[in-house]
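Colleague: First to last, the sequence lines map onto chains H and L. The first sequence begins at 1117 in the numbering used here and counts up one residue at a time. The second sequence begins at 1117 in the numbering used here and counts up one residue at a time.
No lab work stands behind these hints, which were simulated from the structure alone. Be aware that a few hints might be false.
Any copy will do: because identical chains look the same in the list, a pair fits if it lies in one copy or spans two.
[Stated by the list, open to error] Under the rule of at most 20 Å between Cα atoms (straight-line distance), these lysine to aspartate or glutamate pairs were calculated in the DMTMM-like manner:
id	residue 1	residue 2
1	Lys-1743	Glu-1715
2	Lys-1594	Glu-1343
3	Lys-1168	Asp-1181
4	Lys-1594	Glu-1759
5	Lys-1142	Glu-1508
6	Lys-1124	Asp-1203
7	Lys-1743	Asp-1437
This structure is a prediction, so every number in the text was calculated from the model and none was measured.
Letter by letter, the chains look like this.
2 protein chains.
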Amino acid sequence: MGDNPLQKIMDPASISITGASNNFQKMGTIQLVNLLNSGYAGKVMPIHPREKTVLGRKAYPSVSDLPEAPELAVLVVPTPLVPEMLDAFGRIGTRHAVVITAGFGETGEDGRGLEREILRIARSHGIRFLGPNCLGILNTHQPLNITVAPILSFGGGLSLASQSGTYIAQTVGYLERNGITLGKAISVGNEADIDIVDCIEYLGDDGDTRAIGLYIEGVRDAAKFLECARKVSAGKPIVAQYVGGTEAGARSGSSHTGAMAGPDFVYDGLFAQAGVIRVNTIEEVYKYGWALACQPPPRGRRIAVLTNSGGPGSGIATTLDGAGLEVPEFSPGVQEKVSRFLPGHASPRNPVDLTFHMGMENMARNIPQVLFEAPEVDGVIIHGIMDTGFMELMYPSVKDYIPLAREDFLASMETPHLEPLLAMPEKYGKPLVISSFFDRSDHCIRVFHEHGIPCLDSPEKAAGAMGALHRYALVREKGLDRRTPSGRGPAPEEAQKVMAGVKGPAVDEFTAKSVLRAYGIPTAREILAKTAEEAFAAVRDLGWPVAVKACSPDIAHKTEANLVFLNVGDRAGLERACGAILAAGADILVARMIAGSREFMAGMSRHPGFPPCIMFGLGGVFAEAVKDFTIRLAPLSPADAFEMTGSLRAGALLGPFRGMGEADRGSLASLLVGLGNLALDFPSIKEIDLNPIIIENGRPCVADALMVIEQEERDGQQDT
Amino acid sequence: MGDNPLQKIMDPASISITGASNNFQKMGTIQLVNLLNSGYAGKVMPIHPREKTVLGRKAYPSVSDLPEAPELAVLVVPTPLVPEMLDAFGRIGTRHAVVITAGFGETGEDGRGLEREILRIARSHGIRFLGPNCLGILNTHQPLNITVAPILSFGGGLSLASQSGTYIAQTVGYLERNGITLGKAISVGNEADIDIVDCIEYLGDDGDTRAIGLYIEGVRDAAKFLECARKVSAGKPIVAQYVGGTEAGARSGSSHTGAMAGPDFVYDGLFAQAGVIRVNTIEEVYKYGWALACQPPPRGRRIAVLTNSGGPGSGIATTLDGAGLEVPEFSPGVQEKVSRFLPGHASPRNPVDLTFHMGMENMARNIPQVLFEAPEVDGVIIHGIMDTGFMELMYPSVKDYIPLAREDFLASMETPHLEPLLAMPEKYGKPLVISSFFDRSDHCIRVFHEHGIPCLDSPEKAAGAMGALHRYALVREKGLDRRTPSGRGPAPEEAQKVMAGVKGPAVDEFTAKSVLRAYGIPTAREILAKTAEEAFAAVRDLGWPVAVKACSPDIAHKTEANLVFLNVGDRAGLERACGAILAAGADILVARMIAGSREFMAGMSRHPGFPPCIMFGLGGVFAEAVKDFTIRLAPLSPADAFEMTGSLRAGALLGPFRGMGEADRGSLASLLVGLGNLALDFPSIKEIDLNPIIIENGRPCVADALMVIEQEERDGQQDT
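With the hints as constraints, model all of the structure from the sequences given.
Modeller: What follows is the structure, given as structure tokens:
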């Protein structure tokens, strides 16, 4: 990393803050309060035009009055003052800033102009900055806090970067209640300079950060995101929520930070390719992120579930199943060991249901010891450990009947010895997740919180957290950092030659396929004919039966125009087909009939801020109704492409299926890699649609191809 | 209802409890404590063999010593004592009981015998009882509490019935923190007598209950569940979690209560047909159930979202979109009215982002007033209302700098006038849901809790709760209580005649189709031939081209055996086909070729405890890979069947699609109704598989049919 600007921003030796005063109604004041109270050890220099001191610290009337250039400038001043303040800091030698002030790009054209202006000023001084329109930063390791909320706990392994300041600065109480301690947190605001990818890079290299949580409304440069995130995710889990995929989500997001949203499925592909664990709620960013920061990923899929009730056990088992994990029945040996600690009728099979009991030694120590030791167990979830929480709940009811004071009553419940359990995850290299409906009023929950054992407040969420750990295990297995796109030289000569002669918007099928073939993409052998006689001659070469199709850049919807004739088996049929096609003013494409009933599709589309998006999906006429497809970004590594072929819901079709042999996924993957290279070589190609791709004797063959060239004006012909 | 036994059980004039003592380590004691502390106004008579008083109440040495027959007997005694105790209560005239004691059906064969025994005893006395192996009941309206946890708040509208006692008795603290007040709650245990359907019936008629939450591991009689739940759901929302659909989930559940689990998709169908809102977590049962109990369902899909930050606004909008709701941009008129209360750059479009501000009048009163009044808004979600929660958080940081005591500081934040907002949902008949990361330490949150305004602890959950309200609006629209299955007389004579001659396990296609036709299910015209000559004669009747297939009960997999010849267009082809079929020892089925490229499938399967399960799905060779299908239970009402045809992911195929006309969903629905009737008429039919059903000129036609007859021994031939 070396020169990531966030190193200095997150760990500055000195800070000057402008916009703080002694008025607690001002946001800057709150931010200074939090900075001072965070325990920050560096020098703090408030700037205020009139006050001599601010919150008891000597204040300086202006930037030029500062005794030294602060390593970090924090600006919470009115919008119009930002350019001159930034310039002033640059002149005295400050090189890092956090611009909290809003009123820039998020407000419209004028604001965008002002944002360009401060970027220009910053660049002129070599200043790197966060914001504008951000809510500050948090580093509980340093410690350093420039947000509107206090730090409640210190030194956690989960770090955040967020395009919404709320999720950095407005959830501290919530996180504390849930036992989640942040390490570092960055509100990126409008990302005029430093963006969320810089944050991923910084947090990826940061020794204090063990998992990264992201809240994303849109990324500006998906290629840069992909390159960075896939390196980081190989060594450190990244969990992310993306919310820009709907019209209203995008409207809300972009009005806020001006970030660039795109269709949801494109982000699905980006995250999958980058090894980012996608989640759907901010709760999952926090809670699964915390689990990922604290617990090792499971080495396999076999999870042991220990509860004091069948209900939570079933909820956990069902959710684990949905997450691709298993709750296998234990071997007789493990069942026998577990049984020693079970009451009469309880089942040792997995889930283990201890039934309700106030003594905790079996649930919190003896049985977990058996489970962690068992080689057949890859991870453990426990529901039901508690002590004082239950007693607190009961005390008001029983106090009239017992001679004990509240404290003595609470103490009367045996406190489980949790130390052995707390040590098991690290000792055995297996994750432990706790499910509990109790909160921090329960002593056990507080102990778990303090020791980095994730406590989820429902059985299903505990299972979900284990699912996230499993997803990370799968990411790590992939070795994404070692994936490199296939080598790509200049565009093949044949393709260059053909493309040079192409006029848009639509490209005829014969031409499109010749370009595809130049990239090694298999198509049926086919011959272009101008007359029925030429077509008949072609059949002599290809053999009956043939497919006969109209070929013209002006006819994109051949099927709907009834100009596709499949399985033509004799001369009479061929002549009928040619007659119809010639009458429509098109050339005749005669192709060998491809034999196969499994149909897939592949395609390429472009989205702002993204490299070419390559799609693979279930094909045929009904593809658009079935909507079973996956996306990755070009250039594809062979491994990326191979994974795509395994990502369909209907993936079973590619295996041996109802008497059909296994499809050659390697050839399908090559096809996708080639499609990506083609798209990269010719940016003028706006859209490619290969549908169907028929599996013939196990190998893919493109039966139809549509290619659309970028034109200034949209003309509707790109619809397929 | 009239004679639902739960009326008396949930509201008894007197209770005798056996198993309570003065020892607080005993569960029965805890239950008596909670009964006494709940404020129960009726007579309580503990039974104890030795103690003179229990918890200060006079105790009776045995049942026969009681001064009167209690209306309700509660048994928490050791398992072997239950039969004699129940008998003793029966003899003195008690007619209702709750058997908390475990050790019955859930423990194995002996336990099942004992469970049958107590059922026999109960029936001999006319006793109706809950349990065994349950955790008691709760009625916060009476009030009455016989669980192991205290009542913390009273009189809520959400009532529960649960097959896990934990979800009745172990979550009170959790519910209190989340502002959820139960009305009534029933732990059903092993359901030896009273089952979860009785609970639905009781709660459906209960005036205190406004929404019903269910936790289900399996239902014993799905037909009874369906009949009851669809009546209840027409007037009162039911939200349910089912967890028995996976192997481990079923293992955990059944080991617990011995309930009957089944495949997940069957329960999906049952719940859809019954108008039950299915959720995947117990948190959703509670939180969405609470929203359903407190708020009216939205009249349309248009939700207004008001926040103090873009992040939560985007999360809410994206989640609403996924739930089938909309966040439409407001009309200029509404935008103008909203703008009056917005700071400079904030957007009035929807979501409305007020940006962070300590003053709450606009967020909590002025803008909601505009939104509730607007006819274009069907429901409102607000994120960001708070007061003391934020101040509590800040006080430790600012206390050194301000001269205010904690209370004065807290009071220094303006407390919003919430009364107008609290009244808006009822006044305008539109739902309000609050999203907040604050908890009950915030005064506003406490006020919302007390006034039945659901507060969810994340933006996405608030949107999810609104989604549940919307789902209930859709259920109510359907008028499920007015749906009746199509009238069904005796089985058609033709079907009876054919079925009388059928030997299993497999039924040949020609025979199967003749049965189908007797139920009005359209098939292609077809003729059975014994020789090629007969087949040729058949074609004279049917016309070229034809489908030629082997027809034999011994050949279930015709396609895989290469004995299906489609599109046979001439005599030579016909003879080739006949030759192959005759060589395989089969008859020749000659059928008119059905022309159409849209293929669906329908089927029937049987599951223990369920009426025949009718399936409709995407068809063709690849159906099993695509797995796009829906289930309902026979007998189907025409409306049920029609809904099925609209329930596929690939539902777009049935509309006008790529040049094909709209499919006749009414005819498809009739086909499904007929299939259900057929299955009901002939219980010996184990499985029916109609695949493909081809849409020809818009109407469905069954192209292939497989029917399997129940036999004592499974022989594998039922696989298709």
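Colleague: Against the structure shown, which of the earlier numbered hints fail to hold, in ascending order?
Modeller: Checked against the structure, no hint fails, so every one of them is satisfied.
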